[in-house]
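Protein chains: 4
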Amino acid sequence: MAKPKVCLAYSGGLDTSVILKWLIEQGYDVVAFMADVGQVEDFAAAEKKALAVGAVKFVVEDLKREFVEELCFRAIQCNAIFEDRYLLGTSLARPVIARAQMRVAQQNECIAVSHGCTGKGNDQVRFELAFYAIQFLVQPSIKVIAPWRLPEFFERFAGRNDLLDYSAQVGIPVTSTKAKPWSMDENLAHCSYEAGILEDPDVTPPDDMWKLTDSPLTAPNTPEEFNLSFEKGIPSKLTTASGQTLTDSVELFTTLNAIGRKHGIGRVDIVENRFIGIKSRGCYDSPAMTILRAAHVDLEGLVLDREVRALRDQFVTFNWSKLLYNGLYFSPEREFIEKSVLASQDTVNGTVRLCVYKGAVSVLGRFSETEKLYSAEESSMDSLIDFSPVDTTGFIGISKIRVAKYGQAKADAGESLSRA
Amino acid sequence: MAKPKVCLAYSGGLDTSVILKWLIEQGYDVVAFMADVGQVEDFAAAEKKALAVGAVKFVVEDLKREFVEELCFRAIQCNAIFEDRYLLGTSLARPVIARAQMRVAQQNECIAVSHGCTGKGNDQVRFELAFYAIQFLVQPSIKVIAPWRLPEFFERFAGRNDLLDYSAQVGIPVTSTKAKPWSMDENLAHCSYEAGILEDPDVTPPDDMWKLTDSPLTAPNTPEEFNLSFEKGIPSKLTTASGQTLTDSVELFTTLNAIGRKHGIGRVDIVENRFIGIKSRGCYDSPAMTILRAAHVDLEGLVLDREVRALRDQFVTFNWSKLLYNGLYFSPEREFIEKSVLASQDTVNGTVRLCVYKGAVSVLGRFSETEKLYSAEESSMDSLIDFSPVDTTGFIGISKIRVAKYGQAKADAGESLSRA
Amino acid sequence: MAKPKVCLAYSGGLDTSVILKWLIEQGYDVVAFMADVGQVEDFAAAEKKALAVGAVKFVVEDLKREFVEELCFRAIQCNAIFEDRYLLGTSLARPVIARAQMRVAQQNECIAVSHGCTGKGNDQVRFELAFYAIQFLVQPSIKVIAPWRLPEFFERFAGRNDLLDYSAQVGIPVTSTKAKPWSMDENLAHCSYEAGILEDPDVTPPDDMWKLTDSPLTAPNTPEEFNLSFEKGIPSKLTTASGQTLTDSVELFTTLNAIGRKHGIGRVDIVENRFIGIKSRGCYDSPAMTILRAAHVDLEGLVLDREVRALRDQFVTFNWSKLLYNGLYFSPEREFIEKSVLASQDTVNGTVRLCVYKGAVSVLGRFSETEKLYSAEESSMDSLIDFSPVDTTGFIGISKIRVAKYGQAKADAGESLSRA
Amino acid sequence: MAKPKVCLAYSGGLDTSVILKWLIEQGYDVVAFMADVGQVEDFAAAEKKALAVGAVKFVVEDLKREFVEELCFRAIQCNAIFEDRYLLGTSLARPVIARAQMRVAQQNECIAVSHGCTGKGNDQVRFELAFYAIQFLVQPSIKVIAPWRLPEFFERFAGRNDLLDYSAQVGIPVTSTKAKPWSMDENLAHCSYEAGILEDPDVTPPDDMWKLTDSPLTAPNTPEEFNLSFEKGIPSKLTTASGQTLTDSVELFTTLNAIGRKHGIGRVDIVENRFIGIKSRGCYDSPAMTILRAAHVDLEGLVLDREVRALRDQFVTFNWSKLLYNGLYFSPEREFIEKSVLASQDTVNGTVRLCVYKGAVSVLGRFSETEKLYSAEESSMDSLIDFSPVDTTGFIGISKIRVAKYGQAKADAGESLSRA
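Residue numbers (full-length UniProt numbering), protein chains in the order written: chain A, 1 to 420; chain B, 1 to 420; chain C, 1 to 420; chain D, 1 to 420.
Among the hints, erroneous ones may be present.
Copies of one chain are not kept apart here, so a pair can be met inside one copy or by any two copies together.
Unchecked claim - Calculated pairs, DSS-like style, for lysine-lysine (alpha carbon to alpha carbon, straight line, at most 25 Å):
1) Lys178 - Lys48
2) Lys21 - Lys5
3) Lys372 - Lys322
4) Lys339 - Lys232
The hints are simulated quantities; they were obtained by calculation from the structure and are not laboratory data.
Isolated chain A, as found in the complex:
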């Protein structure tokens, strides 16, 4: 009789190799799944290792395009940012990876999906909430096996040495390279660094930690200029200093990553608040996303109505970012929020001229050929065309009604004019 099959999110590393073997020990056939979201990876070596450990099948899926177009560009439309700093690189990748893993599970008639996320992090939540939202489209009875939350697993493998001993014992090939003193997760949007020596929030990350960005200190001494165009808030064209023009989403994105890498753009080092309520230190380098967000925010200044922008900033940006961080991409509330943001982007058409230099991205100028909210004539202090200064007197006369009441109450209460 055929064994039940499990689709495991496989990384090629120590943890998921042990999990792969352990799942086989539990009586499962294992389909090893890898997502290609743009990370630097030797997929052939990973395949070889997975099959060597005992996987019945190895599947890699190229998700780069859907990752960029569906998630990264949507984040840019939302000006997404978590806790004022983090551009959500990992959070954005999880939905496409989880969806692909469920597709692979379905195609291979798996009765469960499994992953190697630890029990205290955000990723387990992101993967599993996605699985549970998607399961009905696949097979409602599909199970999730999270070994790092199963006592029989986490008590057996209490430390790295237990994993290494087990690997030696069962013949899992262990890469000779010494483990980094932190953990990483890489995709097109960013590379993240956490744990290990980074757990002391006062330890400055070593410069060779950053994988996607060169150091600003050694970046070129000459700024590099380029133009980014948007259509309905979506990056639509990149024109480089050399005159190269890119319109394909993935090419545009990877070219921006290359430009950003060279100039050290997008390094972030923060203490953030995980969904489960623990504070955690994370470092991220996100070259393309940093440039795209700066350009999009700038263009909106030119072409978006003030009140739409204010409502969007307070409501959409804040909530969309929080939802994504907490793993709620597949949720009714994310769909609800996106209806408004998509509508708001209809006018976000134009071009931003940018410059990168030594770790910073600057805006040199911006223009739109179609949108007319900005008018130099109207803005000008020197022109009174279509504008009567007397109106402003009335505007102030009305706006002051409430503040005058406020002042009168203060006076009645005996307050004085001295410093508060």
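On the provided structure of chain A, position chains B, C and D as indicated by the hints.
Just chains B, C and D, lined up with the frame of chain A:
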């Protein structure tokens, strides 16, 4: 019989000199008032000119300390920022200037205050809403004379040449230096640049425009490190690379400005939305404020509760910034908001290690000797002390209830797993 | 040569009759426009009077259907309410009236529109912001004549006696009925009452003031039950106690008004905050709207996801209501908000069983044949199908992490268990 | 050696009597704790039963005053309401009960606290999050025993019959009265009804279910009027129709309950969203709270600044209510929010004249002797004192700038004037 007196906010420039003379023509005695909010200014020359034009008195008030302590530091506690970019330098100065002008008006028994703000900008609103809130503490009947909104003035002085002609005619000394092709407003928090050639939002500002920052391109090739400490969210100590320690608010602030200037920190170039509904292009350089905000945001990551931070970000930061921009510092809603933000800062105690280099400010690390929300032990993926991974399974089990319903509805509606 | 034409919003009352005549005196031909938004009105008498005063034309437009379907039902989908009490009856009517008046102005080649709103109220703002948004669809150069804000008018007609004297003088027929000691505005959604004796907020409105509702004190001693069904949040069917079934929007609405009138449903008496910053006392009776809102809010409890509801309550309901109140129906921000709310209503399908009695509307029960978010099985405390109580332990275990930190900080600070 | 002690929240009912016995079986001494939060209860009988079952001690604590003053009145200041309908009666009681239970646990040197809440409800979360926040003030190592979430308990007692059988077997006296076909929770603020026959949301609750309110159908045919005064938003005086004056918080509250009961005030029947994500049908009758909230909302119309009110409505009311519902009273975010709301109440001083009749509460009028935000003079359409209608023209002239841009864009896009 004594003439009625007007207290005029005097800048020493062409506009307010003409206004001074014009007010005298209208039958007033004029008290010329200047606020020292840290701008580079020849106050003696301004006094000489004001008296030459005919002012009965010249008063300058040093407002630097109240500006930094009451407004700038409060803005830092709020992480204040307008439309994602502008640190509100001008908006922050207006309340202290307006209050001081009203004090001077009161001391000199003026029946009106006057200013030289144009009829399309934000500053007229900020000054006048402040005046109208404060008037009851001074003299409820005090009037505001805004010449640039009076037809008898703005029709007479329709262009710069009219002002120059009048100056020549009435003997107002005109500085020979050619006017800048933009207008500026400087204080300790920033210098702003707008109008003139900047009205084309695609014109890159010339590098020699920036008054408070050296160019990142010519900034030192060596990063400069320093430490900033906060007590209850207020900057309390700056320790420089050379070991110098500053705790006086104004000294700390001006030293940060000097450090930031040298390394080109805090240049911003945006299209923003004025209170009166017109879009406007503004450039700002705010060295100290940029550094202080980056440090404060970072420290809050370490010491502020997640939900307090989220409510503060969505509610306080957004609204406080909008209020200040729109001239509503003296308002019941600003007082209302501040009660919460002040309370939230009780735990914002600690030190941030920073680095500035070629236009960018980076965080090297942070620590707090008193606050304990962050725990490396708890954060560590390797430690299960005080933490059972089984709890997370339950957490996900409950959190998934809603998303599973969502997925089921999607499945019932016939959606598939393919790209959205 | 033809005189320039003005389209005047004409009510048949004293004010707009005087304005009509005054406009003619200023050299205009006047097209008198009346909107039929369901108010009780003798349109024939109004026409006769308008023509007698000198209007060149009288136009009445039936706007009941677009008022109910476009505005009232949208308000119900939004659970719209202003300052916790007011169902926005007047605010909802203004956009359809203004749009129709502009259509009539266009059809009659008017160069201006005019209205009789006073200079301190909300309606002038609502009408004119609508006019200014719509003008480009009609004739960009169209003017607005607001006599009550023109010194030459308001100084001439300083009181009611001036209006009466003028009427006598120019032969405007004055209705002999004594004016009510308050002003009213009626449409299908409500009747409003303000000013006059109501300006003392401690004066209880006389019972005979209420025009659309009988007194709860004299309402039937027997409750009346009926069912309301919604499709995508839109009222789609009313089934009365007698078994009558109504599906036409206007019939459904007017029948609900009749039911509500009989049972005294929907009287509101508040002090509210006008857009221009003045507090004002207003009374409103809104029978159908009160019933519809109660039913819609109830149904959403059954069929709307929790987080969608929470975001909608905090964001959409609040802001949509404020926008409508302030006259910003024709605005980019209203369009922005509606995208989300419309999407959220896809699942709002079901029926609410209601009861009205002596001024109160109660919900007797509700059901949906299509939506399945509610599950009695799942909700039941007695059933553990699909649910492990152990999950809740984990959920609490994770949720407590932050509050335990909070408690520990309190303990460290020496707080005790006694009352706060 | 002494057995370890557990403090059990004891109700006198079947569940907690079985739990009491079961805890003894597990080797604990049990201190039975009852909170007096104003429910109708035979405390002597409960004590007798607890001791009969084997409790080593029985403690009842009178929490009525702290419940009313600390929680109920704070809720009134916040206009607290959950999902537009529920006045949070149970949610408000949990913090004071949990705190008292922890005090009793501390005084009796208990090593654990226990409760009889089921595993799918809100109350377990509310109690336990409170316990975990408070534990450090008592004994950091204190445990929580939640039998309905322990497999060894819930698998043994799978249905009511198992509880009855066990009771018979171990000699727990079972009240002969037949159980209600729903469960209830009563305190001064309300009585709640859920589960059982109420799980079908289309079943109308039987009229004899409601415990705190007489039926509106049989309520007096004569309305009852009374006055409620507030100081800083706190109910400070009740003056009844008979001239009785009450100022003591608990007396005022219970008298309002009596008035409301007689007139059938405050019945609510909703489907709500539990914290754990399940929808649930709940019925509540809350006479005093309903009256107090109506009065407080009304008074704020008279005395609260518009923008403070708007920020409070959107931010404080929404979030405070959600926090309380979800059991997060003891949390940093609740403290954060309250700082603003308390400040906002400084001006909420005045009296509301009210009337109750057949299930509805109406406002007859309101006045304040100290607050002056409302001015009949200013509000009056007939008075132009301190007000120039010309200002409104300017106000509209400025406010229209954005909407005219919007209209122009629509026109450019070819939209027409017809119905949207």
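Looking at the structure, which of the earlier hints fail to hold?
none
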